[in-house]
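What follows is the residue order along each chain.
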Amino acid sequence: MRIGVVTFPGSLDDRDAARAVRAAGAEPVALWHGDRDLRGVDAVILPGGFSYGDYLRCGAIARFAPVMGELVPAARAGLPVLGICNGFQILCEAHLLPGALTRNAGLTFITRDLRLRVENARTAWTRRYSDGQQIVVPLKSGEGAYAADPGTLADLEASGRIVIRYADNPNGSAVAIAGVCNAEGNVVGLMPHPEHAVDPLTGPSSDGLGFFTSVVAAVAA
Amino acid sequence: MSPVDTVARAAAEADRLQPFAELGLTRDEYEKIVATLGRRPTGAELALYSVMWSEHCSYKSSKVHLRQFAAKAPPSGALLAGIGHNAGVVDIGQGYAVTFKIESHNHPSYVEPHQGAATGVGGIVRDILAMGARPVAVMDALRFGPADAPDTGRVLPGVVGGISFYANCLGLPNIGGELDFDSSYAGNPLVNALCAGVMRHGDLQVAAASGPGNTVILFGSATGPDGVGGASVLASATFGEQASDHTASAKRPSVQVGDPFTEKLLVECCLELFAGGLAVGIQDLGAAGVACATTELAAAGTGGMLVRLDAVPLRDPTLGPPEILMSESQERMMAVVEPGHVDEFLAVCAKWDVRAAVIGEVTETGRLVMTWHGETVVDIPPASAADGPVYHRPLARPAGQDALAADDPAALPRPADGAGLRADLLALLGSPGLADKSWVTDQYDRYVRGDTVLAMPENAGLLRVDEATGLGIALATDGNGRYCRLDPYLGTQLALSEAYRNVAATGARPLAVTNCLNFGSPEDPAVMWQFAEAVRGLADGCAALGVPVTGGNVSFYNQTGTVAIHPTPVVGVLGVHDDVRRRVGLGFGGTPADLVLLGRTEPELGGSAWAHVCHGHLGGRPPVPDLDAERRLAALLAAAAADGLLSAAHDLSDGGLAVALAESCLRGGTGCTVRLPGDPFTALFSESAARAVVAVRPGAEAAFGRLAEAHGVPAAAIGGTGGDSLTVDGCFAIPLAELAAVHAGPLPALFGPAWSDPVLSDPVSSDPVSSD
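Keeping their order, the protein sequence lines are chains A and B.
The numbering of the first sequence is this note's numbering, which starts it at 1 and goes up by one.
The numbering of the second sequence is this note's numbering, which starts it at 1 and goes up by one.
Note that these hints are calculated values from the structure, not bench results.
Bear in mind the structure is a predicted one, so any value in this text is a computation, not a measurement.
Cβ coordinates follow ideal geometry from the N, Cα and C atoms, glycine included.
Some chain A residues judged to face chain B by a derived CB distance under 10 Å, without partners named:
#, residue
1, 13
2, 16
3, 49
4, 109
5, 111
6, 142
7, 170
8, 171
9, 201
Work the whole structure out from these sequences, hints included.
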């Protein structure tokens, strides 16, 4: 099982995503923003960081990277894709996921270990969890407040596409949304960092490992 | 400067006086330059000498004292590169080396807190990068004026936001540091940034321009007018004076602006260049920019370099040679490259979208020569600029020093009963310097890179270096201006002792020391006495503890008008941890455990947090450091961690045992009950050095007792962990919820509460998150 991790200029948590992939028993494959090539991987992770320095708007430049020209059609065709933090912002900018991430309500960067609730355990990236399960995963972002128009929010709620919610909304996200998915459930984006919760030695828990073991199970199925 | 001032013109009018004073040079210094060159300097040469000979770059007032760090250095097999390099390099075993250094960015952070603090991070990261290492972590030691002063409300949020902005975007975990408040820092905040980097032994890079014919490449950001004169004007002028400002015209900012995205690309680009063996010499550009980089590379190499200043990529085409030399534009590096590698070098830069320009070559002339569109504007022996003047400044013990020492805090009224002790503990915990610092540290990314094992509010930051073996490093910084005001020699040793102890508390073995020496004006003999005493104390302390100073930084002129800050040497200690999986944190939790107080407690309250917070008092003598006891305590803590005997350990420092117990209870969400031997006030609030409190794993009590005895460390069983209150038998009990509220409240109340959701009623239960 080969899972690609894309490095954009300014990607920061790429090596952490690769470590989490290894911890889940899969092989991480480094993908370069400038290559129009997914190297035949079974799934792709867009990692956290500040691609292109977050200039213009978080994720707004990265969506035009050559690798995205390959990724967008592949995702629409069913390739499992996970966007973490900056990766979530890129997926929204690329219109693979609805909504947008805006400045935290408190206006400061927030690093905090948070309780999250898995609202949809049927996606490619959450099937190893159970609906309603609580997990502890760190959040670390300055522009993590999820925003969407009321119609989209109602739609997401009705269709079960709110994947992860904050137990205590830290940043002003609409209806405490921490992560959402596309209609097919193969593309998931979330602001918290499951790759930093795969080992209690270096994270608050190992609760985040389930995202990576989930996709391994989904691809194998 | 039009038309450009050339060497030919200077030779033709050799006696015409140049505006040296406006650039911060003295008449003597100017005459020395004229004597060296045999003519007047050109405008570009004057700019170059003025920044190179500034206090900030030349260490002209401190050099004669700093020599003790090398002269008194204890024998250490661990040192791969010592003082004099961009940063010291320490062997941590298994083929790994670590480089680390702390540096001040005090003055810029007062003028423009956000960018000043941000570029402080950027500058120290490039120092570490220039050694060949991958930067892996940062820490910041911050000191501000009174927490409730309006200006602190301007400076602190800006500084914290700037550090957050830069280091988070750069992808470096912030794993520790300090935050303190004292009226002595009003108008002179201290912003000291530390960075650590890791490399393999063979990766060490040199900052020297060797090999005539080799190419000199400037890469990174384009050069703009920012920070022109920063080194000589900002870092060497006292606030409150009217700075002469001929070189930095009104429209030009004295403080530089940082671009962490460019720095991130520069880091990855450099590491790829190093891995490819494409640079034979490398130097970061910090204070004094191109002037400093070319001078130091040439002086450390074969001696000669030709630089075409018109080849420097500019953001502002109106800049001339003096401004290009002095510019402190950020995110720039300079490399010396063999001609056969230039194309490959430029290709790596292009891959990372890093701008690079060939600006000159190494020569065998022994002269640093710079041209501007074909005309020679600089022609100097590089060592003359790199070495700079040396001053033996007069020293004088301050007049009030004896009176200060005589003002013994033993005379202060003490709490009469348990209720009084309880109230004083809560007052300490709720004071801004000891309160919960989450308001600050939540703005820093401590997780990125995935190797952070311990971070604030732990005793020290602890990073994993090798995933397979568990090899890691611990880092702590400490400083205490109040102790140093009472006795700079002892106070500096106490700062060293505390950082050393903090590193040891995690289970690491202390290996090496860096320092950032923050003082007032060196032209004031009283300040110079404080400085000399502090350096002597640190050098003697390092010799006694067996840890060498590997490098550091001096920041003078931290004063407003004639009033200097408390002398504040900040000491950073690096330790090696053989297996981070056996780290010891400071939180109480899990199975109830016996608490053991290690070390000897004397009635020592001079400069204490209790005297400061409860009485606004500063006087008497600081605690007496006991370096031999520190060594034994550290060895005991490392051995106990390696044997897995401890479930928690906390060093005792500000606020003594009382504050340490409260912090450990709050960190782990578990209470404790203690019985104190002797006078409870002294037991709770004394700040005697060489002490720690540990929670011993159930079943390991006897083994730990034997180990303590073998190390000659006094160990007293004082109670145990458990419950949901901090209880001192016979004195008081404080529920953890009350402790937490008092501890967590102050910083949000001062600097802005965390945002809370006004609308959503949370359907999820809200039991607290337990910390590991």
